[in-house]
Amino acid sequence: MSLFNTDRDFSIISKMIPSRSKIIDVGCGDGSLLDYLIKKKNIDGRGLEIDQDKIRECLAKGISAIQGDADIDLIDYPDKSFDYSILTYTLQATKRPKKVLEELVRISNKAIVSFPNFGYWKIRMSLLLNGKMPVSNELSYSWHETPNLHFCTIYDFIDLCEATDIKIEKKVNLKKNVIQSYNNKEWFENFFSGSGMFLISKK
Amino acid sequence: MSNNKIIDLGSSEDPLVLDCGKSIGPIKTAFTTYGELNETKSNAILVCHALTGDQYVASEHPITKKDGWWSLLIGPEKSIDTNKYFVICPNVIGGCMGSTGPNEINPKTGKEYGLDFPVVTIGDMVKAQKLLIDSFGIEKLFSVIGGSMGGMLVLEWLSKFPSYVFSAIPIATTTNHSAQNIALNELARQAIMADPEWKSGNYNIENTKPVKGLSVARMAAHISYLSEQSLHEKFGRNLQNKNKIEFSFDADFQVESYLRHQGFKFVDRFDANSYLYITRAMDYFDLKAENNGSLIEAFKNTNSHILCASFTSDWLYPTSENKVIIKAFNALGLNVSFVEIETDNGHDSFLLDEPEFFQTIKGFLDATYKKL
Chain H
1 MSLFNTDRDF SIISKMIPSR SKIIDVGCGD GSLLDYLIKK KNIDGRGLEI DQDKIRECLA
61 KGISAIQGDA DIDLIDYPDK SFDYSILTYT LQATKRPKKV LEELVRISNK AIVSFPNFGY
121 WKIRMSLLLN GKMPVSNELS YSWHETPNLH FCTIYDFIDL CEATDIKIEK KVNLKKNVIQ
181 SYNNKEWFEN FFSGSGMFLI SKK
Chain F
1001 MSNNKIIDLG SSEDPLVLDC GKSIGPIKTA FTTYGELNET KSNAILVCHA LTGDQYVASE
1061 HPITKKDGWW SLLIGPEKSI DTNKYFVICP NVIGGCMGST GPNEINPKTG KEYGLDFPVV
1121 TIGDMVKAQK LLIDSFGIEK LFSVIGGSMG GMLVLEWLSK FPSYVFSAIP IATTTNHSAQ
1181 NIALNELARQ AIMADPEWKS GNYNIENTKP VKGLSVARMA AHISYLSEQS LHEKFGRNLQ
1241 NKNKIEFSFD ADFQVESYLR HQGFKFVDRF DANSYLYITR AMDYFDLKAE NNGSLIEAFK
1301 NTNSHILCAS FTSDWLYPTS ENKVIIKAFN ALGLNVSFVE IETDNGHDSF LLDEPEFFQT
1361 IKGFLDATYK KL
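Residue numbers (our numbering), protein chains in the order written: chain H, 1 to 203; chain F, 1001 to 1372.
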């Protein structure tokens, strides 16, 4: 998936993370985010990635990465193994998003999660006007070949957190590039945001 | 040209104390090296061989005249670049290519050890390797790498001499043999001992050779190194130089002929008693049991950069066994990486031309070297 705005997301994630934190990037891809955070914040980083070619790229960058599946392999990490876990644009591709989120807040003190927001007005319009599953630059797969299994809206994500043992600590306004404290659902965020990013922890 | 060297380590006054309680000293270690040890002695890579491997890792084997068993991986400008790294590969004790083992002369009696040779363990092999490393004045190995039994030796290094290991690559291995692994080794040992030419281990003294037993042992083991898929693709039910079955017990099928060839080829270069001793060492290896059931305990002082690798079609040391190791490393928060290489070549994959596997090793080593 062409990832929204890498530079913007990297820099905002870096702002949320204290220097020298111990971090796992779940679905770390080629390790670019970890590499960025190592250089910028001197973090101690680990990656989990399903694609072996990407693991090789991580290793060549000097980043430790384990070939594995977020749905299966997170259970192998003890509680509070990390200060932060990061899951960028991967939640929608997991088989059991609820379980994955619960695992993230178990293995780390805090988790940063971002995902494409299906409540975004352009996606709503696309489905309304075209009557077809939305395909855009950000969501570039046709419905029959997409690796994405569980799309949600920002509302859905918040509802899931409330229904489980997960506390939303911060929300990120990716448009304005600011980190804000979370109080309530805001309809306009669900309507105007192409993606959602939250800092969560265990209640 | 052979670069084989043999060194005496320890002495009768300062012998190697084995896990079984007996001592041997001095011990002989045969080894080869490639590349140059740098001034700070920081570029050394110890390569640990598997059950039937030896020190000829990247140079021609004196008996088979074939290239070294990892010559695809190790050499100038190869994945383990000997222009950059200094590679050391010793023959394990208990082996049969010049290191102290059952077919060497017992200095106390002046006769060949045979079954008087003490039962050695993976731990003993590593203690002997450590003496060799000390003899070079190396205080930290840049990397220790090995597959199968070689992987066990790597894990033993990580557990017993963690401060000597900057990085480690255990491949297609386990922290302890399963019942199935032991069963397969027992099959091989029984095949050797059932051969009347084995003569209770005294075949060299009695001028015989348990050729049949050792080759059956090799045949059985060889099946376990391959996958069902690779056997099927190589041979299927194809017949050997004939059009129809002959209602006999000759090698009708290609796969039979292949296995017989593997068996007979093996006896030229390997010693039957060594096979007994080394398989025993593998069966006894159990990092978990010796640490009160905890692998976390086994590796608690480890701080190395680690790359583990397994192969999808390996049923001898399957990915699940390798993941047990990863789990312990993860629990300790170590810098551990893991890849599961997709291949039909079974356990033997680590010895074959697997470009993705080689690239993985190269990327890991070169990036880790920058962290020294």
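Think of the hints as simulated: they come from the structure by calculation, not from any bench.
Among the clues, some could well be false.
[As the list claims (entries may be wrong)] Here chain H is said to cover these stretches of chain F; the calculated rule only asks that three of the stretch's residues, wherever they fall, bring their Cβ under 8 Å from a Cβ of chain H:
no., stretch
1, 1322-1334
2, 1351-1361
[Stated by the list, open to error] Under the rule of at most 20 Å between Cα atoms (straight-line distance), these lysine to any residue pairs were calculated in the SDA-like manner:
no., chain 1, residue 1, chain 2, residue 2
3, F, 1370, H, 60
4, H, 61, F, 1041
5, F, 1327, H, 187
6, F, 1323, H, 15
7, H, 22, F, 1256
8, F, 1300, H, 179
9, F, 1323, H, 51
10, H, 22, F, 1212
11, H, 54, F, 1300
12, H, 61, F, 1212
13, H, 15, H, 145
14, F, 1323, H, 38
15, F, 1370, H, 203
16, F, 1327, H, 71
17, F, 1212, F, 1256
[Stated by the list, open to error] So the derived label-pair ranges between C-beta atoms look like this:
no., chain 1, residue 1, chain 2, residue 2, range
18, H, 75, F, 1293, 50 to 56 Å
19, F, 1333, H, 150, 27 to 33 Å
20, H, 147, F, 1183, 39 to 45 Å
21, F, 1135, H, 98, 55 to 61 Å
22, F, 1268, H, 140, 37 to 43 Å
23, F, 1003, H, 140, 39 to 45 Å
24, H, 98, F, 1331, 37 to 43 Å
25, H, 53, F, 1268, 51 to 57 Å
26, H, 99, F, 1240, 39 to 45 Å
27, H, 78, F, 1020, 48 to 54 Å
28, F, 1078, H, 78, 37 to 43 Å
In this text, a Cβ means the ideal position worked out from N, Cα and C, and glycines have one as well.
Worksheet entry | Hints not upheld, ascending by number | As far as the earlier hints go, 4, 5, 6, 7, 8, 10, 11, 12, 13, 14, 15, 18, 22, 23, 24, 25, 26, 27 are violated by this structure, in ascending order.
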